[in-house]
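Just so we're aligned: the sequence shown equals residues 259 to 729 in this note's numbering.
Keep in mind that the hints were calculated from the coordinates and are not lab data.
Mixed in with the good hints there might be a few duds.
Stated by the list, open to error - Keeping only pairs whose Cα atoms sit at most 27 Å apart, straight-line, the calculated DSS-like set for lysine-lysine is: (1) LYS299 to LYS702; (2) LYS404 to LYS284; (3) LYS369 to LYS354; (4) LYS407 to LYS354; (5) LYS664 to LYS702.
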Amino acid sequence: MDQLFLAHGKQGIVITSAGVPDETGKVRTGTKEMVITAIAKMTLQSNAFEFIDFHGGGDDLARLFEARGDAGRKIPDYYIRGSITQMDDNSVRTSKGAGISLPFLDLGYSKDESYDLISMDMSVGEAATRKILPITSTSNTMVMVKGGKSGEAGGKLGKLGLSFNLDLSRSEGLGATTRTLLELSLIETLGKFTQVPYWRCLDTDITNPLIRDQAQESYDMLNDKERITFIQRKLGGSMNRYKGPVDGVMNAALKQAVGEYQAAVGLVANGQVNFDLYASLLDDVQNSLAALPAVKTAPVPGVSSAVSPPPAAAPAPAAAAYVPPGASAPAASAFRVHLDSEKGARPTYRIGDFLNMNLSLSSDGTAYCYYEDNARNTARIFPNQFQSNPTLRGNSSVRLPSGGFKIRFDQAGRERVACIGADRELVVPKALVGVRDLTPLPVKSIDEIVNQFRQINPAAVVSQIDITVSR
259 MDQLFLAHGK QGIVITSAGV PDETGKVRTG TKEMVITAIA KMTLQSNAFE FIDFHGGGDD
319 LARLFEARGD AGRKIPDYYI RGSITQMDDN SVRTSKGAGI SLPFLDLGYS KDESYDLISM
379 DMSVGEAATR KILPITSTSN TMVMVKGGKS GEAGGKLGKL GLSFNLDLSR SEGLGATTRT
439 LLELSLIETL GKFTQVPYWR CLDTDITNPL IRDQAQESYD MLNDKERITF IQRKLGGSMN
499 RYKGPVDGVM NAALKQAVGE YQAAVGLVAN GQVNFDLYAS LLDDVQNSLA ALPAVKTAPV
559 PGVSSAVSPP PAAAPAPAAA AYVPPGASAP AASAFRVHLD SEKGARPTYR IGDFLNMNLS
619 LSSDGTAYCY YEDNARNTAR IFPNQFQSNP TLRGNSSVRL PSGGFKIRFD QAGRERVACI
679 GADRELVVPK ALVGVRDLTP LPVKSIDEIV NQFRQINPAA VVSQIDITVS R
């Protein structure tokens, strides 16, 4: 799920939960801690969710909004609600046995097997209004197997009687089953909530009848404008098939883009929005949503923004944008990436100096920055574990490297820094996903990274600075 959230650009969704209580009174496990652990595993690289913990008696969510005047406290946008709704002991039980009796020997054997059912319901609600989002509701059931085998033997040897008993029993743990069920429910619920193809985490695809039925339910719950908006955003992402407005209105450009996509994936190329088109785009991991995460201009009472923009600052002087050979320079009004150092566009540093640069974008967008040393080892320096959000506001500035680390020059030679940006979400090349900060990437040079980004992100713009390190 973490990789799916990362690929689809899901970030900064503030969420909370009071746990998953047991309504049956038969399961006593720490479900809230299980929820926190599961969500933490889903956000290691993507930073898709920020979990806000509120612990105390009574209605935690109500106490949360009573305290929303505290400026240092984030207010969740959404909350996870769920419970263990069913726990049936011995819902199915079978027992078999046989024995034989002889004048000097008795033998017996028996086998018992029973099945317990445990069910969990879960959904996501809007924290401010307490409105449950129907599209996120899930219900899952797991079966626990308990069984045993026993044998006994008895006999008489002369005046001496002998007997022997053997009992072998096994039972699947209730706690482990509850954790597995909870993680499965979270994958499905948060997958529906973020509209990512979560079923890929379950080693299946959209052709699975159950997954297809769920997708059909989601499709039926959308109105015509929501369906068209979804199609516009998907086709306008990294596939770059649609370049028109994302307004939920069918137009000639969208109809043509739909027809081309339908023909490419083997659907009936009629240019119409239908469930088969929706399911194909929903399952397609090669595209991402075109629109950037929304930044709320005016806060709604009790609801915090899912994306916190960095503080505004004066834009740094622009470095020359990288233009591939044979291509024309971008127009002045086009989206631009500005990369600059305090030593100018072609800086010279000495051994022992620290790298110090500024990155800014001409408008709201996303950016990824990479550093190549004189041995052509290349590593990502932005985003990083200290500043994990690649989204930047227009005309705001971020320092490179940012966060809790620095780059100190220790050898003379030529080095480079390149930043790739776009006015939409960038799809990160598969070979570059999941590598830690300042860890050498499996590429020959920074040029290879730029080319990989451009192949899957036609809208990408690059700004690059060459560095000279002298003694």
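- Take the C-alpha atoms of LYS407 and LYS354, compute the straight-line distance between them, and say whether it is at most 27 Å. 10 Å, holds
- When you check the alpha-carbon spacing of LYS404 and LYS284, does it fall within 27 Å? Judged against 27 Å, a Cα distance of about 16 Å means the pair holds.
- Message: Check whether the Cα positions of LYS299 and LYS702 lie no farther apart than 27 Å.
- Response: 31 Å, violated
- Message: For LYS664 and LYS702, compute the direct alpha-carbon distance and say whether it is at most 27 Å.
- Response: The hint holds at about 23 Å.
- Query: Under the criterion that the straight-line Cα-Cα distance not exceed 27 Å, is the pair LYS369, LYS354 satisfied?
  - Reply: 5 Å, holds
In this structure, the one hint that does not hold is number 1.
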